[in-house]
Structures are given as C-alpha cells and as structure tokens.
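Visitor: Chain by chain, the residues:
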Amino acid sequence: MDEKNIPDTIEGLRKENEELRRLNSTKSEWISIAAHQLRTSLSAIKWILKMFLDGDFGKLSSEQEGFMKKAYENNDRMVLLVNEMLSLNHTEDSSITYTMRKEEIVSLIDETVFDFHGESFKKGIEMIFLKPEENEIFINCDKEKIRVVLQNLIENSIKYSNKGDRVFIGLEKKGSEIELSIKDTGIGIPKEEQPKIFEKFYRATNAKEKEEVGSGLGLYTIKQIIERHKGKIWFESESGKGTAFYFTIPLLD
Amino acid sequence: MEGQKTVLIVEDDNFLRGLSAGKLSDEGYKVSTATNGEEAIKVATEEKPMIILLDLLLPNIDGFTALESIRKVEGLEKTPVIVFSNLGEEKDITRAKGLGATEFMIKSNFTLDELVEKIKSIIG
Numbered sequence: 374m375d376e377k378n379i380p381d382t383i384e385g386l387r388k389e390n391e392e393l394r395r396l397n398s399t400k401s402e403w404i405s406i407a408a409h410q411l412r413t414s415l416s417a418i419k420w421i422l423k424m425f426l427d428g429d430f431g432k433l434s435s436e437q438e439g440f441m442k443k444a445y446e447n448n449d450r451m452v453l454l455v456n457e458m459l460s461l462n463h464t465e466d467s468s469i470t471y472t473m474r475k476e477e478i479v480s481l482i483d484e485t486v487f488d489f490h491g492e493s494f495k496k497g498i499e500m501i502f503l504k505p506e507e508n509e510i511f512i513n514c515d516k517e518k519i520r521v522v523l524q525n526l527i528e529n530s531i532k533y534s535n536k537g538d539r540v541f542i543g544l545e546k547k548g549s550e551i552e553l554s555i556k557d558t559g560i561g562i563p564k565e566e567q568p569k570i571f572e573k574f575y576r577a578t579n580a581k582e583k584e585e586v587g588s589g590l591g592l593y594t595i596k597q598i599i600e601r602h603k604g605k606i607w608f609e610s611e612s613g614k615g616t617a618f619y620f621t622i623p624l625l626d
Numbered sequence: 722m723e724g725q726k727t728v729l730i731v732e733d734d735n736f737l738r739g740l741s742a743g744k745l746s747d748e749g750y751k752v753s754t755a756t757n758g759e760e761a762i763k764v765a766t767e768e769k770p771m772i773i774l775l776d777l778l779l780p781n782i783d784g785f786t787a788l789e790s791i792r793k794v795e796g797l798e799k800t801p802v803i804v805f806s807n808l809g810e811e812k813d814i815t816r817a818k819g820l821g822a823t824e825f826m827i828k829s830n831f832t833l834d835e836l837v838e839k840i841k842s843i844i845g
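Each protein sequence line maps, in turn, to chains G and F. Take the position in the first sequence, starting the count at 1, then add 373; the result is the number in this note's numbering. Take the position in the second sequence, starting the count at 1, then add 721; the result is the number in this note's numbering.
It is possible that some hints are incorrect.
Listed below are the simulated SDA-like cross-link pairs for lysine to any residue, each with C-alpha atoms no more than 25 Å apart in a straight line [stated by the list, open to error]:
| hint | chain 1 | residue 1 | chain 2 | residue 2 |
| --- | --- | --- | --- | --- |
| 1 | G | K516 | G | S480 |
| 2 | G | K546 | G | K496 |
| 3 | G | K432 | F | K812 |
| 4 | F | K744 | G | L411 |
| 5 | G | K532 | G | A617 |
| 6 | G | K496 | F | K744 |
| 7 | G | K423 | F | N830 |
Simulated coverage check for chain F against chain G, where a stretch passes if three residues somewhere in it have a Cβ under 8 Å from a Cβ of chain G [to be verified]:
| hint | stretch |
| --- | --- |
| 8 | 730–738 |
| 9 | 802–810 |
| 10 | 826–834 |
Simulated from the structure, these hints should not be mistaken for laboratory data. From the three backbone atoms N, C-alpha and C, an ideal C-beta is built for every residue, glycine too.
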C-alpha cells in the first residue's frame with residue numbers, strides 16, 4: 374500500500390466503523406420496538422385462552438380443553454422467546470454499559486439458590502450450595518447480569534434433571550479468579566452436540582424432548598455476559614449422567 | 722356500592738383495557754379507566770382511586786411522566802401504583818420504581834388472575 378494513502382484508509386475505516394455502529398444500534402432499536410409491540414398481542418391471546426380454560430365461556434369438552442392448553446403453552450413459548458430476545462438484544466448491544474460495582478458473590482448465590490427452592494422441591498431435586506470457607510468474596514460485576522447467569526444455569530440444571538437427582542453449586546477462589554460450578558446428575562448433553570450448545574437458538578435433541586419450551590438463547594446470552602466480565606465459561610457433560618457448568622470471574626484487586 | 726374498592730386502569734389498548742376492566746368488575750372492584758397519561762392524571766386527581774394500574778407506553782403523556790405527576794397530587798402521594806407494561810428492561814424498572822411505582826409487572830408474563838391476586842395482596 375502506498376504510504377500516503379494510509380491516512381485515507383484509516384479515515385475510511387473509522388467512517389465504516391461509525392456506520393456499522395449506527396446500523397447495529399438501529400437493529401437493536403427495531404428488535405426492541407417489535408418485541409414490545411408483540412407483547413400486546415401475546416397478552417391478549419394469553420388472557421383469552423386462560424378465560425376459555427377457566428370455563429368463563431362455558432364448559433369445554435376434553436378435546437377442546439386439550440387444544441386450548443396446547444395453544445396456551447405455545448403462546449407462553451412465544452412470550453418466553455420475546456423475553457429472551459429482548460434480554461439478548463440488551464446483552465449484545467455493545468453500546469450498553471454494564472454497571473460494574475464491588476459485589477459480594479456468596480450472598481448473591483445464596484439468594485439465587487433460595488429463589489429456586491420451591492421449584493426444585495416440587496420436582497423432587499435436591500439443591501446443595503457448597504459454600505467456600507470465606508463468608509464474603511468480592512468481585513467487580515454487574516450484579517443483575519450475574520444474577521441472570523446464575524438463574525439460567527440453575528434453572529437448566531433443575532429443568533434437565535429427574536426426580537431424586539441432585540444439583541451441586543460450588544464456589545472456589547482460584548488464583549486471581551473465582552470459579553463457580555453448577556453440577557447436576559441429569560440427562561447430560563450428547564457428545565456430538567456439545568460443540569454447538571453455546572450457539573444462538575441451538576437446543577440439544579434430548580433437551581427438546583424433555584422440555585418443549587425453551588428458546589435456545591439462554592446459554593448464548595450468559596456466555597456474552599461472562600465474556601463482558603472478562604471471565605470464561607465451559608462445561609463437562611456425559612449423556613445420561615449429568616452436566617457440570619463452570620465459569621470464572623476475576624476477583625476484585 | 723358503598724365501601725367498594727376502587728381501581729383506575731390506565732391502558733391505551735381498547736381490547737386489553739376492556740378485558741382487565743371486566744375481570745376486575747367481576748371481582749367486585751369499582752373500575753375507572755383512562756386511555757392516555759393526561760386522562761390518567763385527571764381521573765386519578767378527581768377520583769382518588771385506592772390503586773392505579775398504569776401502562777407506560779401511552780399516547781401524549783407517557784406512563785413515566787404521568788406517574789411523576791400523580792405522585793405530586795395531594796392525596797395520591799402514597800396510592801399504590803402497579804406498572805403493568807410491555808416494557809420491562811432493567812432501566813425501565815429502575816426508572817419506574819424511582820418515580821414511585823409500587824410494583825412492576827410485564828403484561829405478557831401474567832394472567833389476569835395473577836393480576837387480581839397482586840391487587841388483592843396490596844389493597845385486599
């Protein structure tokens with residue numbers, strides 16, 4: 374390249390970069406508007422179907438009730454998809470700054486595990502938080518985003534486990550990081566599908582069989598969040614035996 | 722009916738407003754409605770409802786601004802306000818709570834029964 378053209382090239386790249394940023398921001402805005410508009414219709418459908426199911430318009434035959442239930446569940450699936458699209462849109466938008474603060478992680482895990490006690494009890498799954506020796510460990514993070522990560526991983530571990538299974542949540546200090554683990558003895562992820570599970574919209578075959586409802590956005594979203602925190606996320610899994618997810622976040626200096 | 726509990730529903734979508742008003746009337750509440758922010762402030766000021774159900778995306782004055790104004794009206798400073806909206810990102814929730822919202826519910830995540838339960842848990 375001719376040296377005197379370098380400034381032009383840099384200027385060109387800068388302009389292109391600006392244009393891409395603008396387009397990305399327009400994309401995010403459109404997703405946001407579309408998703409929020411969809412919620413009005415989804416609410417109307419949800420409410421009406423519920424009224425039919427409650428017998429507000431007269432008693433349904435068992436066949437009618439079956440179909441109405443299917444419609445209601447599918448509508449809820451769309452509600453979930455819209456929620457996750459919005460959450461992802463928010464996570465992916467690099468112009469959105471994370472609110473990074475000094476936060477205490479042991480109590481955050483405790484709170485999140487507590488929130489899932491009802492659900493795990495209902496399914497007959499035991500949840501155990503193996504606490505570290507220290508009562509308090511501080512990291513620099515966006516608390517609400519890390520809560521989303523914990524919620525997603527714990528929810529998955531319950532969703533893809535069976536009655537009598539156990540979920541272990543572990544927290545350890547390792548060098549300059551914390552390492553969190555969520556291990557279950559559930560259905561596991563088939564080996565051939567493992568490379569794909571962090572992909573957007575991907576759901577493992579056995580996961581779809583066990584739980585019809587799911588968007589395939591959860592793991593993708595949390596990977597983005599962990600990476601924005603300069604951490605790593607990975608897993609070990611064996612089909613039929615269980616899955617262990619791990620992630621790290623740097624400790625507060 | 723004397724002693725009847727009063728609710729103000731602020732919702733611009735005709736269909737959703739009709740459904741929620743019908744449901745709350747059936748549950749024994751005396752329901753007033755408003756279709757935009759300006760009307761919401763006016764009705765709330767005149768009628769002093771026991772609880773307000775407030776949408777955020779509204780024509781002319783939006784729900785955030787309406788909430789801010791409602792909180793300044795004498796007698797409405799502490800009236801419970803449930804934000805019932807299609808919005809629901811962290812920034813929306815923080816903003817609404819900062820302006821004095823009692824609860825924040827995303828419409829499509831709840832059934833009308835759950836909404837009634839929430840109202841009952843606040844005003845009975």
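Visitor: Please count how many residues of the stretch 826–834 of chain F have a CB within 8 Å of a CB from chain G and say whether that reaches 3.
Guide: holds (count 7)
Visitor: Checking one constraint from the list: CA of K744 of chain F to CA of L411 of chain G, max 25 Å. Satisfied?
Guide: OK: K744 of chain F and L411 of chain G at ~22 Å, within 25 Å.
Visitor: Check whether three or more residues of the stretch 802–810 of chain F sit with their beta carbon closer than 8 Å to a beta carbon of chain G.
Guide: holds (count 4)
Visitor: With the threshold set at 25 Å, check whether the alpha-carbon distance from K516 of chain G to S480 of chain G stays at or below it.
Guide: Between K516 of chain G and S480 of chain G the Cα gap is close to 11 Å, so the pair holds against 25 Å.
Visitor: Does the structure keep K496 of chain G and K744 of chain F at a Cα separation of 25 Å or less?
Guide: 33 Å, violated
Visitor: Taking 25 Å as the top limit, are the C-alpha atoms of K423 of chain G and N830 of chain F close enough?
Guide: Given pair K423 of chain G, N830 of chain F holds - Cα atoms ~13 Å apart, limit 25 Å.
Visitor: Starting from K532 of chain G, check that the Cα of A617 of chain G is at most 25 Å away, please.
Guide: Measuring from Cα to Cα gives roughly 14 Å; hence the hint holds.
Visitor: Is K546 of chain G close enough to K496 of chain G, meaning Cα to Cα at most 25 Å?
Guide: 31 Å, violated
Visitor: Counting residues of the stretch 730–738 of chain F that have a beta-carbon nearer than 8 Å to any beta-carbon of chain G, does the count reach 3?
Guide: With 3 residues in contact (Cβ-Cβ under 8 Å with chain G), the coverage given for the stretch 730–738 of chain F holds.
Visitor: Take a quick look at whether K432 of chain G and K812 of chain F sit within 25 Å of each other, Cα to Cα.
Guide: 43 Å, violated
The earlier numbered hints that this structure contradicts are 2, 3, 6.
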